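Chain by chain, the residues:
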Amino acid sequence: MNILICIKQVPDMESKFKINAEKNWYDRTDLAWRMNEYDEYAVEQAVRLKEQVGDADLTVLCIGGDQVKETMKKALAMGCDRGVHIADNDAYKREPIEIASMIAGFAKDKNFDIIFTGMQSQDRGSAQVGVMLAELLAIAAVTTIVSFAFDNGTISVKRELEGGTKALVSATMPVVLTCQLGLNTPRYPTLPNIMKAKKKELLTIAPDVGSSAISQETAAFYFPEKKSGGLVLEGELPDLAEKLIHLLKEKTGVLA
Amino acid sequence: MKTLLVAEFREGKLREKYSQLIAFAKGLQTETSMFLVGSPTDLPQFSGTLFLADVAKYGEYNPTVHKQLLLDVIAKEQPEMIVFHHSSYGWDLAPRIAVALKAAQISEVIAIEDGVPVIPVCNAKLRRKITSKTAQTVLTLQAGAFGMEEDPTGTPTVIQIDTGVTGKVQCSGYEAAKLEGVDLTKSEIIVSAGRGVGKPENIAIVQALAKALGGDYGASRPVVDAGWVDHDRQVGTTGRTVTPKLYVACGISGAIQHLAGMKKSDFIVAINTDKDAPIGEVADVFVVADLKQFLPILTEKLLAR
Amino acid sequence: MEFTREIYWNIGHGFTTLAPMYGLLLVALAFFVYGCLKRIKVYRIGQPLDRTDHRGERIKNLLNNVFLQTKVFRVPGSGTAHSMFFWSFFILFIGTTLIVAQADFTDLLFNVKFLKGTFYKLFSVILDLAGLFAILMLGGLLVRRYLIRPEGLITKSDDALMHGLLMAILITGFLIEGARMAVTELGTPLATWSPVGLVMAQILNGLGEAGLRTLHTGLWWFHLLLALVFIAVIPYTKFRHIITTSANSFLADLGPTGKLTSVNLEDETTERFGASALTDLRWKDIFDADACTLCKRCQDRCPAFATGKPLSPMQVVNQIGETAFNNPDANLIDIIGRDAIWACTTCRACQDICPASIEHVSKIVEMRRNLVLMEGEFPGEEVMTAMEQTEVNGNPLGMGYASRGDWAETLGIKSLAEDSEVDVLYFVGCYASFDKRNITVAKSFIALCQAAGVKVGILGKEEKCCGEPMRKMGNEYLYQTLAIEIIETIKGYGVKKIVTTCPHCFNTLAKDYQDFDFAIEVVPHAVFLDQLISSGKLRIKTDTFSCTYHDSCYLGRHNNIYDAPRNLIRAAGGQLSEMAKNRDQAFCCSAGGGRIMAEENIGERINIKRVQMAVATGAEQLLANCPFCLTMFEDGVKGADVEEQLRPKDIAEILAERLEKL
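Protein chains in written order, with the numbering used here: chain A, 38 to 293; chain B, 14 to 318; chain C, 104 to 765.
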């Protein structure tokens, strides 16, 4: 079985974000970097599948500058067999279709049976790349999976829907699966595997976005007005309750 | 300008939140039609054209087929904007349409400012405005961001649509959300009790608020230590690290271990008598009140809505 | 008359006595040697370890702990009785040796007798009293074990054998003496020099000489046989502790106290890390099990055991022993149990009190290393998250690393990157950098330094967690990654002296980092401030308040710093009411050993128990010297519902409140 796992390196969301000089993305200084959380579930599921079927080859793919190799090493330490690094210092500017095209360009003649990736990235959060990749490869895609089972060539997954309901979906290979948090418990790499990962193949290739054209542009990039910066409500209790309910309606989706 | 709204149908029912799409379209004042793979007996209250494919025939989740049905409508209608919910249905289908149309897709739109969509970036820490460079644009809207049409009215003009395409995946049914046990890491709404509740009997008022909000209740370590609430409900780095959409901290002063375990919540409400409590650092709204008096009033008002 | 006695009286000193006597001795010795060799073979299953360096110090330890019974004597009651028994029995042993030496060597070969005259009188009375003392002490221990039965004391068949055999040897000894004296010494001045023997002689006198002689012969051989059985069974019973526990005093870890052994991560041929099998342990870890006497001192002081967790340091040591001797291929972690392994706070109470120089903590950490490094297992997901957060942001709390120095922004303190010309580097630690409560401690410390004219610098966003909690949880890899980075940073600035407000940072920087060629002076804030006050650089108003003081495990037991913090408390006007468990007997706060990152979900909460001990003193403030302790106590006073009665504070805060404004 031939499996591709697409991962992304993202800043830790606790980082102190600053806006870059071009005013189209965040500045890279003072950021701590990590594997996109959703992708960790993708890697874990791929490794578990390999443990289940035995005969599987796991390629982990990541796009970005040289520093993404650090994140790739974690995936290799978790159990991926080889890495493909699409070297692209401009990756942060790429829109989802470009990213999907780069991956599709690499994957199109590799006959991957399953492609695992996160349902979205923590920074850009478009939730587009996985599905677009499937479309470009003309294969099936199931998004937001929270459960995965493989039996005799058939893949059974559960999709997480709003309100905690799950849809039971089955698919055949080839397929792209985008992983939701909670799909599994990503493992902590063991030390022997960290050591082994240092010696695994990590191929760097040049970026190629194919024929995808620019479809969108960042018009502005900014900090939101301090959400309410600790809006303090004081006064008569019934009024406070009314105000709070109003705020919850306005600022959150939970009372809708 | 023409806008095509994509409504959703699940578990044999039209999803009510289509009214959010209508509210969004109203704000833009465009010519609006709607697409739905649904049932002719459960139509949205919407005065406009509804392109309706029969769910009995095409299934509730069948992306390849739904994509084709939708593409056929788009080909005919030529809308400039195709609008989805940013939902499990929307984010699954929208990119398929964007690829087919070679159109820009802008995900999780929270506002339109001067005609330009605004989306959150990095856990909503940053905002990004995106201009589309393509003739058609695919949007997905963040739940609740555009409010909802309070009382949608009207009857749609239904145009029946069909396709011969078959699907690549099979959806065989649903599994209801589990009720037994609690996993706060998956909760969307958490109401937590801190030492400010005073005594174990008062946990009930926190539970009542959680119930009224449709969420789960949790607690800070001292409350769990005191044995008033079970271990599996402890929020904090030594308990569960949670990221709900709404976190209500009741009488929690905010020890570092608690803060680190809940500060990634989308929206944080703190209810505390001490205005200087560290919880204020992460709270979006700080209600200065005694929770023992305030919570019952809030709960009552929520239930009365 | 000559003050002496005939050795071998009534037994004879010919071939018919000596041949069977020495023959039996050889048999006993053969049993003894065979038993020892069998056990040594098992010790050798373990990994090699050299414990023969620093011989002078080791021999001193040996003499101290065996002949002076230093460690045994520390615990009143059972410890006192054991020491007294040992000394008495040892005197009897010397006495017997002198008798044998004269009868079978000096007298036999050279006709030299030294057991005579005044020396014999003293010899006789000392031995007599030693025998009496031994019986009394052994009796006391017997009553304790079989009648009082202290909680947690494990009594096995070994114990019955040991008590019975020793008692029989002592009593038969007096009976033999009594029988002999009844015939030979009654009514002579010599008899008064054997008071116990005299009493026995008077009791036995009625038997008449023939009866006495028969009784004497029988008992003599019986007594000999018991003594030889004693020698023979040493390796097969808990009597082996006479050798193993003594040897362990020589073999003990010489420190630095609490410094763990670094795993060589450079060696790419290593495929196993930590310990899950017996063969992963060092031979000393198996030997430790044989040195253990089940005295349960460790268990009595273990905060995990005391709060209902499935950890007993004594059990861990003995489970290793049982595995080694009965089931050597078994998985140690399964036998000991994960919950027990994770429950340890590395407070060192066990190791500190252990009279047998057993190293409990390193064994537990080795097993944790196996779980973490080989299996990727943690006590809970929250700990794994903390590890990952440390990898990403350099702190287990998951706070953005770039804001690490934010707390100092308004204090006029610069990072070394901005100005590296400083008197001391303040290594802040994660809690004092990010936690609002502990930031006040950091700020207090800075205020005190500034008042004393000390120029302090911090590393700011270049500082990372020292790696202590991760290391103690078994994550040696993450620890070493952090350590190497920090050392490079600190060395890069040419720092001369480092001060910490966290004893975990202190112990790690000062000791564990030595393995990475790090030798910069590190001082805990309590000591540093004490020096500032005693040198007159820092002046504090004395303003009376009532308090109790908690000796953190890492300042106290790990570093023997007990007085400096108390000096500070006195200087500030603190009326110190000590908790019952103080100084080297202090009870843990629950957060050591990386437990600060873990949920405490078994048994009672350790921190609440400690807070209750503090409440019992009636003091208004609970003073700490450690951010982990302070965090636990802040939670603890809420959990124990004593927020109004007891205020936890760091010593630096107390001092800063009393700073003399110039």
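No lab work stands behind these hints, which were simulated from the structure alone. Fair warning: this is a prediction, and the values are worked out from it, not measured in the lab. Any given hint might turn out to be false.
Stated by the list, open to error - Just some of the chain A residues that point at chain B, by a computed CB distance under 7 Å:
1) G201
2) K203
3) A208
4) T227
5) P229
6) A257
7) Y259
Claimed, not checked - Listed below are the simulated DSS-like cross-link pairs for lysine-lysine, each with C-alpha atoms no more than 27 Å apart in a straight line:
8) A:K286 / B:K26
9) B:K305 / A:K288
10) A:K286 / A:K106
11) A:K288 / B:K212
12) B:K314 / A:K288
13) B:K115 / A:K288
The C-beta atom is built at its ideal place from N, Cα and C for all residues, glycine as well.
Hint check:
no., hint, in the structure
1, G201, "3 Å, holds"
2, K203, "4 Å, holds"
3, A208, "4 Å, holds"
4, T227, "23 Å, violated"
5, P229, "28 Å, violated"
6, A257, "4 Å, holds"
7, Y259, "5 Å, holds"
8, A:K286 / B:K26, "24 Å, holds"
9, B:K305 / A:K288, "25 Å, holds"
10, A:K286 / A:K106, "43 Å, violated"
11, A:K288 / B:K212, "32 Å, violated"
12, B:K314 / A:K288, "18 Å, holds"
13, B:K115 / A:K288, "33 Å, violated"
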